[in-house]
Amino acid sequence: MRVKVLSRNPDDYIRETKQDLQRVPRNYDPALHPFEVPREYMRALNATKLERVFAKPFLASLDGHRDGVNCMAKHPQSLSTVLSGACDGEVKIWNLTKRECIRTLQAHEGFVRGICTRFCGTSFFTVGDDKTVKHWKMDGPGYGGEEEPLHTILGKTVYTGIDHHWKEPVFATCGHQVDIWDEQRTSPICSLTWGVDSISSVKFNPVETYLLGSCASDRNIVLYDMRQSTPLKKVILDMRTNTLCWNPMEAFIFTSANEDHNLYTFDMRFLESPVMIHIDHVSAVLDVDYSPTGKEFVSASFDKSIRIFPVDKGRSREVYHTKRMQHVITVKWTYDNKYILCGSDEMNIRLWKANASEKLGVLVPRERAAMNYNQKLKEKFQHHPQIKRIARHRHLPKAIYSQAKELRIMREARRRKELNRRKHSKPGSSPFVSEKKKHIVAVVK
Amino acid sequence: MSLPGPWLGGSPAAPLIPPISPHRHLLLGGQRGHVAALDWQTKSLLCEINVMETVTDITWLHTETMFAVAQRRWLYVYDNQGVELNCLKRFNGVLRMEFLPYHFLLATASETGFLQYLDISVGKEVATICTRGGRLGVMGQNPANAIVHLGHSNGTVTLWSPNVKEPLVRMLCHQGGVRAVAVDSSGTYMATSGLDRKLRVYDLRAYQPLQSLVLPVGAGHLSFSQRGLLAAACGDVVQLGLPCALTPPVSQPYLSHTLPRAAHSLRFCPFEDVLGVGHGSGFTSLLVPGAGQANFDALENNPFRSQKQRQEWEVKALLEKIPSELITLDPGQLGRVDAITMEQKHQERVERLGFDPQAKPAFQPRRKLKGRSSAGSLLRRKKKVANEEQRVRPSAPEREPKAAPRAQRPALDRFKK
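Line by line, the protein sequences are chains Y and S. Position 427 of the first sequence, counted from 1, bears residue number 427 in the UniProt record's numbering, the numbering being contiguous throughout. Position 94 of the second sequence, counted from 1, bears residue number 94 in the UniProt record's numbering, the numbering being contiguous throughout.
It is possible that some hints are incorrect.
With a straight-line Cα cutoff of 20 Å, these simulated DMTMM-like cross-link-like pairs (lysine to aspartate or glutamate) come out [stated by the list, open to error]:
#1 K316/S to E40/Y
#2 K388/Y to D356/S
#3 K426/Y to D196/S
#4 K360/S to E435/Y
Quick look at which bits of chain S chain Y covers, simulated, 3 or more residues with Cβ under 8 Å [unchecked claim]:
#5 293 to 299
#6 322 to 333
#7 350 to 359
Rather than coming from a laboratory, the hints here were simulated on the basis of the structure. In this text, a Cβ means the ideal position worked out from N, Cα and C, and glycines have one as well.
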């Protein structure tokens, strides 16, 4: 009698030689894959734990400066070059792949207050405490030559910052007022003031290239239009802003680093209320730089740490610190979105990974597929309490940790007091003011 | 194919067959202490030992390298060469065992009414539950959610999880004691047979009975195949039914086979159309067309895996081991929103802040020009949106019955007064 039953030929399922790949027949019927949610959850938990295990962001420390690093500039055409200016007037050009200094020049007597590169990458500008603006060539002098600037401009007052236009041969300096210069001229094309004494930084907008933003010492941020040669509007905050940075992807968004430990992301069209307040630092925020994707930015603070914030969130996703790194003055995010450079006042420039657990170098396709899968799993289960707890956990130095705890207690106390006041007073007499609006004093057009 | 058993001794010994493992190995155990492990497809013997004690149940652990034997006094774990690896004295008087593969847990039911869970990857006892149900001789496992089903002598079947000291569900299934319990591989149907000679099939999602069959001799052992066929051992006859939850009970079973002696256990071979039966004179394997799953997934269970593949699979399985705290009646619960916690957290937040951050602000009508923004028209616009939450919209099906009577009326009705 013929009976039709399952019969399999082992040759169809076992490989012929050791050189062949193993055969892996698949059946995606969910009945054959029970417990899909708990198993995926365990995989997500493992992925989150491994991410913390492999989170080793510190790459290298570039030392060579003989005084604190005051400012940094990125080379627009070369990913491996970075320029830094120190507090003793020295400017160094570094090669990041070899992690060494390729050129040193004594640019100023006194601090190098600002450094910026021209958009073509062939030259750069520096300003210093000796009231000069100097224009240098990017390539060093030939053998036996001396370091000489291409051009020196003497001013009457100290210049505190410089930034170059992203497309035209125009640059802007700030100090007493904001001056816009043409590269060929020795006097500014126009000077923009709005009744304030000293301006600490100026930045050109990379997308709408005729717009400028500046931070002044009387707690305001002023926006200028180069075509009209007039200031556009200003917003007055609670405390002074140290620097600002424009979002390279969104034309109208900029983030300002403030003395009250916060960063404010503004939409320049609606300055009445910031788009987001980023609260995580415990001391004054000194510098901010955007990632080339425009989705995140990095901030350097007087508490000896740097933090990476997403643009749409109020809390940082990452904090980098080392025992050896003291107050961080300047920070930059490289143009390939992978590295962060920070210069601190203990004369070192440190190179960090932007994604702490990322594997650098070329990834084999299987590795890449596994990493993508793990990334997706982490995203899918990110809200589960155990996974959230592990993903959020970061070690903080004792000073920052205790200061943050104290600030939290203070904030809670203030909130409770306000709540009690509201409860025991006439309803409607104390309206709810959103946290965003609390720090803005006024907007002036 | 029938294996006569001269080695089983003179008096009828009762071989028991635990699951033919997902990796096509067969474990045979005789009541007198004879234990044999073999690769069923190539018929090569792995080991054959005599443990010198009564064997009540045997089962493979996560791979074909280890198996557990419940002997008269204690629980022993052996290597596939027959070397004794562990003797677990805390597990005494074990009558039945079930291995939960994705949790690496061995659930054991003892004659004193204790249900114990052993985590074999770390070797710790996860839970000991005093079931207060008397002698636990009937045990089954729901492969879809790792819940253990125990049958009791008062006709109830109780469902257990290692996290809860009380049974999750208690179902009254039979009027006499329960003789056998089996759950199908998708976890939707449970078949039970009792001393009242009835074979009942229940829907496990609603805990409602679906079918009830009267068998002249009650079924002592039940087993579901991968494709839903139910095998019942009634004395010395093995009967197979079609996927019984889907079809009404028919008077004749799909297949039936008479064995030389009474059957003592039966299991289907995974991915093959074969049913293995252990009876008084040995082991018989029966061909059952349509019982096995034809297409296996090599990343889950691969009957043709090499040693290297098995080692890698073992590492991945251990990494994915589900902790016992996640065993619940609904395995997909982790993927759902925990609405209760969300509500609690929201209330705490409202209390702390003093206002509800998620509350929508009051509707403010937009300012219109050309005199359309007078006080009266603003009030009219506000009233349109007022009490929006309290409104009960008429549901769509209510409108359809109005349409039907209209069509049924004759067309000339409209000229009638």
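Hints and how they fare:
{"no.": "1", "hint": "K316/S to E40/Y", "verdict": "holds, 12 Å"}
{"no.": "2", "hint": "K388/Y to D356/S", "verdict": "violated, 24 Å"}
{"no.": "3", "hint": "K426/Y to D196/S", "verdict": "violated, 76 Å"}
{"no.": "4", "hint": "K360/S to E435/Y", "verdict": "holds, 18 Å"}
{"no.": "5", "hint": "293 to 299", "verdict": "holds (count 7)"}
{"no.": "6", "hint": "322 to 333", "verdict": "holds (count 6)"}
{"no.": "7", "hint": "350 to 359", "verdict": "holds (count 4)"}
In summary, the numbered hints that this structure violates are 2 and 3.
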